[in-house]
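So the chains spell out like this:
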Amino acid sequence: MHIIENGNVAAALGVKLCRANVIAAYPITPQTPLTERLSEYVELGQMKAEYIPVESEHSALAVCIAASSAGARTFTATSANGLLYMHEQVQWASGARLPIVMCVVNRAVGAPWNVWNDQQDSISQRDTGWIQIYCSDHQQIIDSVIKAFWLAEKVSIPIMVCYDGYILSHTYMPFDLPEQGKVDAFLPPYKPDYALSPDEPANLNTVTLPDVRTDVKGELAHGYMEIRYLLQEELRTTLMAAAEAEKRFAGIFGRSGDPYIEPYRCDDADYVAVGLGSITYQLRVCVDLLRKEGIKVGIMGVRFYRPFPDVAIANALKGKKGVIVFEKALSYGYEGALASDLKSALYEHLAGTGTLPFVQNFILGIGGREIRTDDLTQALRAATKSRVSKEPTWIGLKL
Amino acid sequence: MQAKTNILSLPIQEFVHPGTRACTGCGLAIAYRVGLKALGKDTMLVVPPSCLTVLQGLFPVASTKLPCLNVTFASTAAAATGILATLKTQGKEHITVAAWAGDGGTSDIGLQALSGAAERGDNFIYFCYDNEGYMNTGVQRSGTTPIGAITANTPFKGKLQQKKDVPAIMAAHNLSYVAACSAAYPLDLYDKIKYCVNLPGTKYIHIHIPCPPGWGYDPRYGIKIGRLAVETGYYDLYEIINGEFKLTAASEKLVEKRKLVPVIEYFRAQSRFKILTDAQIADIQNQIDKKWAGYYKKDE
Amino acid sequence: MGTRNYRRKTSHSENGPGDGGRTGSWRVERPVLDQSLCIPCKRNKEACFICWLFCPEIVISRTIPPKVDLEYCKGCGICAEECPTKAITMVDEAKFSEEDTEKKKDKD
Chain X
1 MHIIENGNVA AALGVKLCRA NVIAAYPITP QTPLTERLSE YVELGQMKAE
51 YIPVESEHSA LAVCIAASSA GARTFTATSA NGLLYMHEQV QWASGARLPI
101 VMCVVNRAVG APWNVWNDQQ DSISQRDTGW IQIYCSDHQQ IIDSVIKAFW
151 LAEKVSIPIM VCYDGYILSH TYMPFDLPEQ GKVDAFLPPY KPDYALSPDE
201 PANLNTVTLP DVRTDVKGEL AHGYMEIRYL LQEELRTTLM AAAEAEKRFA
251 GIFGRSGDPY IEPYRCDDAD YVAVGLGSIT YQLRVCVDLL RKEGIKVGIM
301 GVRFYRPFPD VAIANALKGK KGVIVFEKAL SYGYEGALAS DLKSALYEHL
351 AGTGTLPFVQ NFILGIGGRE IRTDDLTQAL RAATKSRVSK EPTWIGLKL
Chain H
1 MQAKTNILSL PIQEFVHPGT RACTGCGLAI AYRVGLKALG KDTMLVVPPS
51 CLTVLQGLFP VASTKLPCLN VTFASTAAAA TGILATLKTQ GKEHITVAAW
101 AGDGGTSDIG LQALSGAAER GDNFIYFCYD NEGYMNTGVQ RSGTTPIGAI
151 TANTPFKGKL QQKKDVPAIM AAHNLSYVAA CSAAYPLDLY DKIKYCVNLP
201 GTKYIHIHIP CPPGWGYDPR YGIKIGRLAV ETGYYDLYEI INGEFKLTAA
251 SEKLVEKRKL VPVIEYFRAQ SRFKILTDAQ IADIQNQIDK KWAGYYKKDE
Chain L
1 MGTRNYRRKT SHSENGPGDG GRTGSWRVER PVLDQSLCIP CKRNKEACFI
51 CWLFCPEIVI SRTIPPKVDL EYCKGCGICA EECPTKAITM VDEAKFSEED
101 TEKKKDKD
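Keeping their order, the protein sequence lines are chains X, H and L. Each residue of the first sequence is one higher than the one before, starting from 1 at the first, in my numbering. Each residue of the second sequence is one higher than the one before, starting from 1 at the first, in my numbering. Each residue of the third sequence is one higher than the one before, starting from 1 at the first, in my numbering.
Just so you know, these hints were derived from the structure itself, not from any lab. Just so it is clear, CB atoms sit at the ideal spot from N, CA and C, and this is done for glycine as well. Heads up, some of the hints might be wrong.
[As the list claims (entries may be wrong)] Here chain H is said to cover these stretches of chain L; the calculated rule only asks that three of the stretch's residues, wherever they fall, bring their Cβ under 8 Å from a Cβ of chain H:
| id | segment |
| --- | --- |
| 1 | 61-72 |
| 2 | 80-89 |
[Stated by the list, open to error] Distance ranges between label pairs, derived from CB positions:
| id | chain 1 | residue 1 | chain 2 | residue 2 | range |
| --- | --- | --- | --- | --- | --- |
| 3 | L | 63 | H | 264 | 39 to 47 Å |
| 4 | H | 283 | X | 40 | 53 to 61 Å |
| 5 | L | 26 | X | 220 | 23 to 31 Å |
| 6 | H | 162 | X | 189 | 51 to 59 Å |
Taking the hints into account, I'd like the entire structure generated from these sequences.
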């Protein structure tokens, strides 16, 4: 059934369909309508869940961590400074291997205060061991939330489903609302390998030594380093689980795509524009225009940012003349995070083969600065002529 | 509060193993052991970084026999809320959720989450074990460190500020139950836990915990010093039930006795108070006398 | 190095004694009971047990006579201080034979 709703509601509907049963939330623009809608579902009895209006984002994720440890399917959502406030807990959740799903409604971080869209918030969390998925439209939002619960519970790693604040969260689009029955078929009830309980007591996440140590049964148990290694190793194998998720989803809902990237007119392209989220759709207008001018350009939207699908990306960009990365965030002190990761993947897989494209990094839309399609087209056109700069070039700056 | 348990009627079952990393003569070990006896097997614990984290053991050995979630410093009460939420969804609300946090994890970094949980009326017991400092990290001052105490970061002048009255803060949340206890009076602690465990909403129990390295005394005097704190009228054992304040156990008896041990005895017994001047001690004695005059008056 | 099940992916501890190792090695003096002064011993029935109540290490048994688990007793002296009849005295460890204090177990 197709409905017309905004991105936040799409996310909320996804959470409702997945039967999350513990939701903790603290309000922050532009996430608020998402959690408000969830509270409506709970109060109306449409969702059988405990909804906890916590007193801070740090506590929101604390509630989820504890609830998930005891065996509940949990959800929270936040943006910007809220995400930053819960950073300690973000690190905790992945180290504790809990399948928490969190929507990040991308917004610029302070200082100074800014409530509009860019992706600095979630990008700044890329090292935390969470899976990160970026959505480009409302269908992807609701579908990604559903896939996220399945994937998180499969690999025991928490997931951030990210989408652009205002641009997606507050705009209306038609999308298919999956049927509850199909979602239930796709996502069975959460059965953790272990849930904290008096029936099988354990002490979770206490101080863990640098070295290995004998447990109460006399067996050698992992040290901190092994536990962390396993997180990394299983994050990498998550790439395979993501492909499996995509296949399962396709089987039940009849739609799917590449699990990691979203290509548009890439096959015969000489130049590929790369981005995360809604900007990749805005770029389609530019690409169609440039194609008419005879410039063979395409787009590769990156869906999975963490774990980074380096092989898929390198394969897709192999032999292209140039890659132009448009980013709404950066790793301050160097360059765009996506550009860096991309360069690293290209270097790793293509160096010395003669198929290495140049990488041009554009920074734009910071703090919600309007991204004019004309500017995008101009930048893209210029980059297809020759690499514009080594350092990132900022589009739309008004110094 | 009714039942007066005695030693012989205390349950024999232990919920903690011996051979922990707690200091010799740790006051928390005494309170925690009796506390768990009162809580019983169907309990889930939440513990932030603190002495208890270490007492409960390092991975992969746990000295506590109950299920326990270790959490970040500021999030104890929120985590208790989270466990509670899951238990509700599982229909297992007969299981008690008990948070055990230190004074730093309660009065300082953990106060926000605790206040939030109390305001929401989340149904768990929150224990603040108050050894009056960040003892686990080497005796730094906390919000509940008393005035004049030498700590690692108030090394020469002693703490200049008053002890934060956390039970009073919690009482302002209109809780069904707030209590002040001491490791030196474990049976009083036991009775209070048994009384309040099924009351609605968040219950708050503050436990005074003598700490040999932090307070500066020979470990064998731990209970004696804990008792002195009460007998000098410096630290009171009480409960606040639906807003009504009532002294209990030894503190209640002091109202009848009308005789407090001079507080200087309490200070003399611990090296952390060695820089207190006569004037400061007199001032503190004054404050105690005033407080107790109030208690005596209420009693009349 | 252990099995690769979920519990090995996380810091998940099961319970047992001696997390701190053989904590009996910490003490410099040990409690010694004079049964002639001990109330439950004299009465030959359950009584007092204050030493059992206040032991922070849970190494005093609630038996007649109370017994101390020297494997873990840290020698804090609270039992001696609190005993109402001073039946317990703290005695220098050095006074006891070496074999007594050298029991080694496979704790790390």
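How the hints compare with the structure:
Closer than 8 Å: that is the beta-carbon criterion, and the segment 61-72 of chain L has 4 residues meeting it against chain H, so the requirement of 3 holds. Counting residues of the segment 80-89 of chain L whose CB lies closer than 8 Å to any CB of chain H gives 3, which reaches the minimum of 3, so the coverage claim holds. Roughly 41 Å separates the CB atoms of residue 63/L and residue 264/H, a value that falls within the hinted 39 to 47 Å. For residue 283/H and residue 40/X, the Cβ-Cβ distance of about 57 Å falls inside the hinted range of 53 to 61 Å, so the restraint holds.
Here the CB-CB span from residue 26/L to residue 220/X is close to 26 Å, well matched to the stated 23 to 31 Å. At about 52 Å, the CB distance of residue 162/H to residue 189/X agrees with the hint of 51 to 59 Å.
Checked against the numbered hints above, the structure violates none of them.
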